[in-house]
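Student: Taken in order, these protein sequences are the chains called A, B, C and D.
For the first sequence, my numbering begins at 1 and goes up steadily by one.
For the second sequence, my numbering begins at 446 and goes up steadily by one.
For the third sequence, my numbering begins at 891 and goes up steadily by one.
For the fourth sequence, my numbering begins at 1336 and goes up steadily by one.
Incorrect hints may have been included.
Stated by the list, open to error - Cross-link-like lysine to any residue pairs, in silico, SDA-like; alpha carbons within 25 Å at most: (1) K1400/D - E1652/D; (2) K893/C - K1631/D; (3) K1057/C - T1552/D; (4) K659/B - L6/A; (5) K493/B - V574/B; (6) K1057/C - D1554/D; (7) K1497/D - P1235/C; (8) K730/B - E719/B; (9) K1069/C - D1697/D; (10) K938/C - E1183/C; (11) K309/A - L6/A; (12) K1558/D - D1219/C; (13) K607/B - R1055/C; (14) K1214/C - P956/C; (15) K1659/D - Q1080/C; (16) K1631/D - K1338/D; (17) K1338/D - K1052/C; (18) K1514/D - Q1669/D; (19) K1052/C - P793/B; (20) K1502/D - M1366/D; (21) K285/A - L6/A; (22) K1052/C - C1681/D; (23) K214/A - S806/B; (24) K1659/D - G1103/C; (25) K1310/C - E263/A; (26) K1175/C - A996/C; (27) K1113/C - M1070/C; (28) K1052/C - H371/A; (29) K769/B - D212/A; (30) K1659/D - S1260/C; (31) K1052/C - R610/B; (32) K223/A - Q246/A; (33) K1659/D - E1643/D; (34) K1104/C - L1259/C; (35) K1755/D - E688/B.
No lab work stands behind these hints: they were computed from the structure.
4 protein chains.
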Amino acid sequence: MKKRQLKIAVIGGGSSYTPELIDGLIRYHDMFPVADLYLVDIEAGAEKLKVVGDLAQRMIDASGKPIKLHLTLDRREAIRGADFVTTQIRVGMLDARSRDEKIPLAHHLIGQETTGAGGFAKALRTIPVILDICKDIEELAPDAFMINFTNPAGLVTEAVSKYSRVKSVGLCNLPISTKMQIAELYGVPQTEMYIEIVGINHLHWTTRVMIDGKEMTGDFLDKLSGAKGISMANIPDLEWDAEFIQSLGALPCAYHRYYYMKEEMLREIMEHYEATGKTRADEVKEVEAELFELYKQPALTSKPPQLEKRGGAYYSEAAVQLMKSIYNDTGDIQTVNVRNQGIIPCLPDNVAIEVNCVIKSDGPHALSLSHPLPPQIRGLLQVVKAYEELTVEAAVHGDYAAALQALTIHPLVGDEQTAKALLNDLLEQNSGFLPQFQVRSGQTL
Amino acid sequence: MKKRQLKIAVIGGGSSYTPELIDGLIRYHDMFPVADLYLVDIEAGAEKLKVVGDLAQRMIDASGKPIKLHLTLDRREAIRGADFVTTQIRVGMLDARSRDEKIPLAHHLIGQETTGAGGFAKALRTIPVILDICKDIEELAPDAFMINFTNPAGLVTEAVSKYSRVKSVGLCNLPISTKMQIAELYGVPQTEMYIEIVGINHLHWTTRVMIDGKEMTGDFLDKLSGAKGISMANIPDLEWDAEFIQSLGALPCAYHRYYYMKEEMLREIMEHYEATGKTRADEVKEVEAELFELYKQPALTSKPPQLEKRGGAYYSEAAVQLMKSIYNDTGDIQTVNVRNQGIIPCLPDNVAIEVNCVIKSDGPHALSLSHPLPPQIRGLLQVVKAYEELTVEAAVHGDYAAALQALTIHPLVGDEQTAKALLNDLLEQNSGFLPQFQVRSGQTL
Amino acid sequence: MKKRQLKIAVIGGGSSYTPELIDGLIRYHDMFPVADLYLVDIEAGAEKLKVVGDLAQRMIDASGKPIKLHLTLDRREAIRGADFVTTQIRVGMLDARSRDEKIPLAHHLIGQETTGAGGFAKALRTIPVILDICKDIEELAPDAFMINFTNPAGLVTEAVSKYSRVKSVGLCNLPISTKMQIAELYGVPQTEMYIEIVGINHLHWTTRVMIDGKEMTGDFLDKLSGAKGISMANIPDLEWDAEFIQSLGALPCAYHRYYYMKEEMLREIMEHYEATGKTRADEVKEVEAELFELYKQPALTSKPPQLEKRGGAYYSEAAVQLMKSIYNDTGDIQTVNVRNQGIIPCLPDNVAIEVNCVIKSDGPHALSLSHPLPPQIRGLLQVVKAYEELTVEAAVHGDYAAALQALTIHPLVGDEQTAKALLNDLLEQNSGFLPQFQVRSGQTL
Amino acid sequence: MKKRQLKIAVIGGGSSYTPELIDGLIRYHDMFPVADLYLVDIEAGAEKLKVVGDLAQRMIDASGKPIKLHLTLDRREAIRGADFVTTQIRVGMLDARSRDEKIPLAHHLIGQETTGAGGFAKALRTIPVILDICKDIEELAPDAFMINFTNPAGLVTEAVSKYSRVKSVGLCNLPISTKMQIAELYGVPQTEMYIEIVGINHLHWTTRVMIDGKEMTGDFLDKLSGAKGISMANIPDLEWDAEFIQSLGALPCAYHRYYYMKEEMLREIMEHYEATGKTRADEVKEVEAELFELYKQPALTSKPPQLEKRGGAYYSEAAVQLMKSIYNDTGDIQTVNVRNQGIIPCLPDNVAIEVNCVIKSDGPHALSLSHPLPPQIRGLLQVVKAYEELTVEAAVHGDYAAALQALTIHPLVGDEQTAKALLNDLLEQNSGFLPQFQVRSGQTL
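Excised from the complex, chain A in its bound form:
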């Protein structure tokens, strides 16, 4: 018999995304009967937690679902005995993200939340905190699944898989968005469509499309050519070149624009920054301020449509679908981040990958690929994964050498002199959040 009194702990519960999640938990309550929902945050997030928590309570009340909501600053209390722990934290908050975006720009490099040097800095700040959470889970809820939504989700998942015993799955709303947009393109329900997604978080390719059981990959590539393709709210929306897509033989993900259209993306970001003095983080801050004003309105008892602008579309969909499928042992296919174990044979066994998995009660089981990866996908995937492996080591051990090599081989940096100056800037401006580099940085900076 399945447990009917589920406990969920949401680490970073004061996030502006939380109403998304609450909405999903309410909508799917029949199939995923949460009894106790803990929203936990740190002291600095107490005020946001209060606002979000009050809205969450109003949403639950309006739904009539028997979900008991708990707001707390005591992480261990939240985790103790939980069935699922979700994380959506932002170490250093949006100010840190703003720096992540600006420091690379000062070196004439793309500054982005999860990709390149920005994502690198975020990983250094975030991974030690997540591993600390994992220690609590190992002690207080050893059977819990950790559903990690915290970015950079691939790097975080890999760190957890390498340095803890927690059962964890890394999750992103990009695959589910891709699916929805392709379904829309073909005018079919998702259930009549199957797509093969392969790669790593924020660097995956859609290598196959089947509609109603028919192979449509060639047709799909034709359709895509020249179109704007799949996009995300937070990524400038440049068109893909038809010939390029055909020669690639797959649909790149939205974040691929930072690689394949590096020059133009840099130019756009730079122009925008120079024109407005703002990066995406600065704009998100404004959106968030507005959202929190909305959240405070006592009449609001559902997630406001403005939340979509924030970039969190389908977030609850992805998270609740995953937990629901684990809970119900559903056996449906979702695209999540898991340990490789030979599924992508050109990558090491112990790294995190983002692929189609069957979701069972013991978590995701990856599906074998329909075709071997062609060299154009393989090469880019391998070099970015090597960057990720080095970044995980740097983040866990405060290893300056690994950090320097990580940035040096990253395709968006690719120069050791640039990498070194950039790294020193990142370490200095993040020094309050990088205790693991403290001792070393005294020596090396």
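Put chains B, C and D on the given structure of chain A with help from the hints.
Tutor: Coordinates of chains B, C and D only, in the frame set by chain A:
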């Protein structure tokens, strides 16, 4: 839109198993709407085809399903434009099987239909005929799936995968039987159970059992110890030793008894043969004769219960479930024979394996293993697979050297002197069915 | 008994490098007794062949060695029955190289003979010609070894290995130069030193140094830090950063400067070009003109010291050492380009790699690596190798899609828009040398 | 500068083989200048140590070489600061070996010192003692090479590689014997011959023969057919079948007779035992008694020719050649036991294999194979290696389950019921030597 006028060709349609299949096609007709069903056989099987075909027609009539039945000796007509081609052929018929069982016994070795020297001889006879069928499919029904039920199913699937372009899946009723018996053991419906099966046809292990989403593998091994475990109608039913099962860490399949209990199995077979003068094939002949008498009775309009004794339990279940899931793009998990492609990393990529697969409209997608295989499973699996690789080469090319080495390294032979004498006997007694060895055998025998 | 009447065919015999080779063949004649030496060139190189051939004859005469020299424009005559065929061709001659260097510069990218877009264009021109030579060897000298000195040597070796049956080894003077410079650094003879070189042509790392049997890798990295390291005549000589070398844990090769110091290298090349209007090819043309004037002097009977400036230092050393070791079945260790076959497990089996090999009469046997490659080496190596795989396909099949993807993922390009414009320029300006792209380019350009 | 004061520790110095080793150390003293030679043994071997030590001293005196001989029962004193530690121990002495040979016979299985159940029991006794020696080496001579001659040498090398940090090489006289016999067959000096040996200790194949730089493998297989092939003093000398050798495509090693001619070998051993009441160990005891009588003769100042009968031919050759090549950083090719690391891709990376290696000052560097292994070699190799992996675990951890599975999958056992009875016998009769099984065996036996 899915095609509503499915055509199925059943090669070897005169088989005594056919009523099983008809039964399944009738039961699942709503979800797998067969319009045209061709039963095809060779001249020598014309009489059996008539008997079986008449019964099939009566079964269809009684069901009221709109299935149009065609009986034919023209294989190309049956295959042309088919959506699915199933094979259930027996080259040399039961007389050949009887020899397969007796020749090894004369060398003091286990003689069995699919395992060891018996299965080897069957592979030599069968693979060229199957590849010939594949040529017809490539020409006349290039989009058809071939569902291969012909034994030795793993060897046949591997040969088809290596030497033809036909989309084929190898199928066996052993995995589905194992699932049913474990479900019964736990008193749960199959839908609340998940087991992980890994290996090759007739040599797979059940390495994991989950009941209602809970890990029960340890409990399952405890339960098994001392019990008779999973059995098949055609395999002597010896008890597994408790300590052995615990040390193995998995449930062996029924055919493993020929390996792990080699001595006792040989003794039992030998004693039985000496006492009765009969091997299993001889008994099956009698069962078949009775079955055909039954089949002839005009009042019979359903498959008779006696068919189960024949060993075909769940045959229709396995075959129809697979075709139904492909047709409906179901995405459920079934255990079938597919090309390895890295799923079992200790075996070559291009060999056939038997593992859990998600069944989509384009066929099976193998699932990654939960755990790496332990050495005790790996070693036996590898040596038997090497035997299979050699056997495929021997069967396709009439390669005496490959044949000699295949038998020499087979764990049930394992001696080159024995292997050579045995091989020469097998080639001589099967000479009418082995044109590929003709030229050579003139020289080598 | 070893053959005492060796025949060598030198394809591209009119090269200014040839006196180097003649010098080596004379010096080592006792151990590598060449009887017939064919210098062969194309019609357009007839004059240079005459000049070089005359010098070669004077060198041989002065040496008193019984080498019979043959000058010919008939390639098949030269190859027929040869024991070794060396290639040192330059399709399109130095004018093409000059374009290879200038076209990328026009796109603000590094233009270099073998690395990046320049090497890519050279590969497209060269590979079909080399494969044509291979057809002659397959027919006229099937037992011959082809010693390929033609750049880009790694790409050419891979193409030969994938698309011909000729026994070939790719050779470069960079490993032997590295060895000599490290031996000098330590003041020991090469025989008391062992270094481990691993990677691909013009992108290898020295990962280990042993002096007199002692592990000195750490000491070596210390020594290197801040020093200019190993250099080549044709590569700007920038210092490596101490911390970078330590974090890399290996000595990069000279060509690594184009990757690790991309920005500074581009700046230097650009400044030099803007100041002088010349690239390296233009300067080499001048050096060559001077060399050929020297070569014409009847009094000259040895290779002139000016040849070193040309960049060919140790060329004869590398080539003659290799042929001598094959001929004598020496079993010494040399660093050459061979098929991978698992030696570098993170690369495909069928690609060319540059590693330490034991040289026996049947050619090179690669040595296993002392340590797995760290991610910083692995990632860069993998992406450049993927570029090479695509480039080989593009060169052999005139495949525009492969060409576009090759340039897109190359770390010195890395942007699809840039790659496309660059590719179209390269194809257009090389159209006379790329018959394989003819048909397509009509459509795509 | 190389060290000129080498210290060697010989663990098991009282062995009858020691005069072989002394002979080698004297002969090669110029190139391998041993200054201090420690023969160490346990209390029970004190008397043999005295006899052998006295002979060794007389041999050294007669040679005039400046080798200082030390006899001791203090292992730590012998190991402290040693440059090389060789092991040639026999836990339980010849009585234990006699049991190893007889217990399997009682179960109608081959009983042999290193192969099958006998070698298994020897591994259980020996591995813990060797790992104990390794702890001393790690502490007292961390830079020393351990040259392991103790059987089963492959299993012991694998255990050391997996469970200690000692630099070790496993050594056997079988490869060097094979080389000598093939050289004799062709009437050439070994220096003009190259053979490729691949596999694991006592289960390797000679897959390639080159004479004077020419491929002679086909010719070699022809020559072998019908001949007695390569033999060892201690293995019954049955002829290989011509057709079998051709189909195998390689020369099996002498120990392969236990596999490929299992039945005949068992019959021969059994007949011999029944006729004489003796196994090989019993005969060796007699040979040893005679040898020790010889050793005692004061006039004897060299190794007596009778020693060859003992089976130790070329032992000193193999051991001293290896140490000499390490000491002199020779770079010659020898066949030794090392960690796999991808050289045999069908085996795990961390297992011991026996292959051609270049011997440098840092030890052996394995050479890549000329050709992938064919299935007939691969399958047998894999199953025996899986047995070895399980046996190492059983020996190190006293793991009954691993022991039971090891015997079950061994091709010379291959039946779980037989394996269990046999294992219980082996554990009981060796109980004094298997402290690691003590606790368990109380429960399980």
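Student: Could you run down the list of hints and mark each one as holding or not?
Tutor: Okay, the hints, checked on the actual structure:
1. The hinted pair formed by K1400/D and E1652/D meets the criterion: a straight-line CA distance of about 18 Å does not exceed 25 Å.
2. Between K893/C and K1631/D, the direct Cα distance comes to roughly 55 Å. Violation of the 25 Å bound is thereby established for this hinted pair.
3. This hinted pair checks out: K1057/C and T1552/D have alpha carbons roughly 18 Å apart, not beyond 25 Å.
4. For the hint pairing K659/B with L6/A, the CA-to-CA distance comes to about 16 Å; that is within 25 Å, so the pair holds.
5. Proximity of K493/B to V574/B is assessed by CA-CA distance (about 20 Å); at most 25 Å being required, the pair is judged to hold.
6. Restraint check for K1057/C and D1554/D: satisfied, since their Cα atoms lie roughly 22 Å apart, inside the 25 Å limit.
7. For the suggested pair K1497/D and P1235/C, the alpha carbons sit about 21 Å apart, so the restraint of at most 25 Å is met.
8. Restraint check: the Cα-Cα separation between K730/B and E719/B comes to about 18 Å, which is no more than 25 Å; the hinted pair holds.
9. Restraint check for K1069/C and D1697/D: the C-alpha separation of about 18 Å stays at or below 25 Å, so the hint holds.
10. The hinted pair formed by K938/C and E1183/C meets the criterion: a straight-line CA distance of about 11 Å does not exceed 25 Å.
11. At roughly 31 Å between alpha-carbon atoms, K309/A and L6/A are farther apart than 25 Å, so this suggested pair is violated.
12. Between the alpha carbons of K1558/D and D1219/C the distance comes to roughly 24 Å, so the proposed pair stays at or under 25 Å and holds.
13. A C-alpha spacing of about 24 Å is found between K607/B and R1055/C, which places the hinted pair at or below 25 Å, so the restraint holds.
14. Distance check on the hinted pair: K1214/C and P956/C sit about 17 Å apart at the alpha-carbon level, within 25 Å; holds.
15. Restraint check for K1659/D and Q1080/C: the C-alpha separation of about 20 Å stays at or below 25 Å, so the hint holds.
16. Of the supplied pair hints, the one linking K1631/D and K1338/D is violated, its CA atoms being roughly 35 Å apart against a limit of 25 Å.
17. At most 25 Å may separate the alpha-carbon atoms for a hinted pair to count; K1338/D and K1052/C exceed this at roughly 48 Å.
18. A distance of roughly 10 Å separates the Cα atoms of K1514/D and Q1669/D; the hinted pair therefore holds under the 25 Å criterion.
19. About 21 Å separates the Cα atoms of K1052/C and P793/B, which keeps this hinted pair within 25 Å; it holds.
20. Under the criterion of a C-alpha separation no larger than 25 Å, the hint pairing K1502/D with M1366/D is consistent with the structure, at around 22 Å.
21. Simply put, K285/A and L6/A have alpha-carbon atoms about 34 Å apart, too far for the 25 Å limit, and the pair is violated.
22. A distance of roughly 23 Å separates the Cα atoms of K1052/C and C1681/D; the hinted pair therefore holds under the 25 Å criterion.
23. Note on K214/A and S806/B: the hinted pairing holds, with a Cα-Cα distance of about 7 Å set against a maximum of 25 Å.
24. Distance restraint check for K1659/D and G1103/C: the Cα-Cα separation of roughly 13 Å lies within the 25 Å cut-off, and the hinted pair is therefore satisfied.
25. Annotation: proposed proximity of K1310/C to E263/A holds, straight-line Cα distance about 13 Å (limit 25 Å).
26. For the suggested pair K1175/C and A996/C, the alpha carbons sit about 21 Å apart, so the restraint of at most 25 Å is met.
27. Simply put, K1113/C and M1070/C have alpha-carbon atoms about 16 Å apart, close enough for the 25 Å limit, and the pair holds.
28. Only pairs whose Cα atoms come within 25 Å are accepted, and K1052/C paired with H371/A is accepted, the gap being roughly 21 Å.
29. For the hint pairing K769/B with D212/A, the CA-to-CA distance comes to about 15 Å; that is within 25 Å, so the pair holds.
30. Among the hinted pairs, K1659/D with S1260/C is consistent with the structure: their alpha-carbon atoms are about 21 Å apart, no more than 25 Å.
31. Between K1052/C and R610/B, the direct Cα distance comes to roughly 24 Å. Compliance with the 25 Å bound is thereby established for this hinted pair.
32. For the hint pairing K223/A with Q246/A, the CA-to-CA distance comes to about 10 Å; that is within 25 Å, so the pair holds.
33. The straight-line distance between the Cα atoms of K1659/D and E1643/D is roughly 23 Å, inside the 25 Å bound, and the hint therefore holds.
34. Of the pairs offered as hints, the one joining K1104/C and L1259/C holds, with about 17 Å between alpha carbons and a cut-off of 25 Å not exceeded.
35. Of the pairs offered as hints, the one joining K1755/D and E688/B holds, with about 9 Å between alpha carbons and a cut-off of 25 Å not exceeded.
Hint compliance for this structure: hints 2, 11, 16, 17, 21 are broken, all remaining hints hold.
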